[in-house]
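A.B. asks: Every letter in the sequence shown is one number past the one before it in my numbering, and letter 62, counting from 1, is 62.
Keep in mind that a hint or two might mislead.
[As the list claims (entries may be wrong)] Below, in silico cross-link-like pairs of lysine to any residue (SDA-like), each with a Cα-Cα straight-line distance of 25 Å or less:
#, residue 1, residue 2
1, K32, I122
2, K50, G175
3, K125, A268
4, K32, N280
5, K125, P250
6, K32, N233
7, K32, P250
8, K125, R194
9, K32, F211
10, K32, V51
11, K125, A277
12, K125, G175
Everything labelled a hint here was simulated from the structure, so no lab data went into it.
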Amino acid sequence: MVTNKGHWPPLLKEEPLIKIRPSSLAVSLALKETWARRELLYFLIWRDLKVRYRQTALGVAWVVLQPLLTALVFTVFINRLAHVRSDGIPYPLFAYAGLLTWTFFSNAISTCSYSLISNSYIITKVYFPRLIILLAIIGVRLVDLLVAASVLVLLLFCYGISVSWSLLVLPALVGELAFLTLGIGLWFSVLTVRYRDVGTIMPVLIQLWMFASPIIYPASLVPERWRSLYALNPIVGIIEGMRAALFGLPFDWRSIIISLIVTLLSLAYFVSTFCRAEENLIESL
1 MVTNKGHWPP LLKEEPLIKI RPSSLAVSLA LKETWARREL LYFLIWRDLK VRYRQTALGV
61 AWVVLQPLLT ALVFTVFINR LAHVRSDGIP YPLFAYAGLL TWTFFSNAIS TCSYSLISNS
121 YIITKVYFPR LIILLAIIGV RLVDLLVAAS VLVLLLFCYG ISVSWSLLVL PALVGELAFL
181 TLGIGLWFSV LTVRYRDVGT IMPVLIQLWM FASPIIYPAS LVPERWRSLY ALNPIVGIIE
241 GMRAALFGLP FDWRSIIISL IVTLLSLAYF VSTFCRAEEN LIESL
């Protein structure tokens with residue numbers, strides 16, 4: 001039996017008496033550190049863009065073909081065969097606008113979920129705000145969205161649809177989409193590090209989320225009594241608002257405001273969760 005006699009130091013317990021944890025100011029400190037290292041964010045975005053557009057066989061074409069071919073398939077099976085209406089908008093335009101948004105959202109979340117694991121060789125060796133990794137992914141996907149949107153501009157011209165002043169709302173909706181994607185991506189990135197089988201379930205969840213959103217059908221198909229509950233899905237207000245801005249339709253401000261509130265609340269919660277989870281990230285990688 002070991003005793004503590006004389007001037008020997010006291011025996012240490014298995015758990016330390018004081019454990020340093022993130023304080024309530026952890027989020028603000030993380031945001032300040034991220035802003036201070038914004039040059040690293042630019043470098044990571046530029047690195048990923050070079051890999052995406054220089055070292056792939058299709059390059060820029062693949063960014064456009066993914067939503068375009070999917071829109072073509074849905075036009076044949078959903079519009080021509082199932083006769084799903086599109087609120088007076090030519091269905092190819094209707095589907096491409098929704099799939100353009102959804103492709104950005106789903107691809108960014110999928111990449112964000114594995115971002116910490118795929119960059120573990122950096123995270124475990126050098127300290128920097130881990131938030132930068134996910135911000136870089138969102139930045140790259142926004143470039144993809146801009147490239148694919150050029151085809152939408154061409155389709156608008158081919159169908160003879162004129163642009164109205166409502167298009168000025170579009171940048172704000174894209175910004176909200178980026179914030180929502182960042183929040184969901186942060187959450188999935190932490191879950192994937194802790195529970196590796198989340199990556200197996202996630203494609204199924206994303207697919208279900210797609211059919212629960214007005215991607216290939218208009219929100220007007222949802223019964224009126226369920227509209228407020230349906231609008232709690234934040235992607236609903238974003239996609240419907242983007243279509244209204246693009247095609248000069250009336251804005252459904254109720255769903256847009258609900259979407260904005262849900263987006264901001266979820267972003268604040270998931271950023272806070274991510275910053276507090278950084279303490280144990282390295283041990284789990």
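A.B. asks: With reference to the structure, classify each hint as holding or not holding.
C.D. replies: Do the hints match the structure? See the list:
1. With a C-alpha separation of about 21 Å, the suggested pair K32 and I122 falls inside the 25 Å cut-off, and the hint holds.
2. Only pairs whose Cα atoms come within 25 Å are accepted, and K50 paired with G175 is accepted, the gap being roughly 24 Å.
3. Only pairs whose Cα atoms come within 25 Å are accepted, and K125 paired with A268 is rejected, the gap being roughly 28 Å.
4. Only pairs whose Cα atoms come within 25 Å are accepted, and K32 paired with N280 is accepted, the gap being roughly 21 Å.
5. A distance of roughly 52 Å separates the Cα atoms of K125 and P250; the hinted pair therefore is violated under the 25 Å criterion.
6. The straight-line distance between the Cα atoms of K32 and N233 is roughly 31 Å, outside the 25 Å bound, and the hint therefore fails.
7. Between K32 and P250 the alpha-carbon distance is near 39 Å, which puts this suggested pair outside the 25 Å criterion.
8. Using a Cα cut-off of 25 Å, the hinted pair K125 and R194 holds, with the two alpha carbons roughly 20 Å apart.
9. For the hint pairing K32 with F211, the CA-to-CA distance comes to about 38 Å; that exceeds 25 Å, so the pair is violated.
10. At most 25 Å may separate the alpha-carbon atoms for a hinted pair to count; K32 and V51 exceed this at roughly 29 Å.
11. With a C-alpha separation of about 18 Å, the suggested pair K125 and A277 falls inside the 25 Å cut-off, and the hint holds.
12. For a cut-off of 25 Å, the pair hint linking K125 to G175 is broken: about 33 Å separates their Cα positions.
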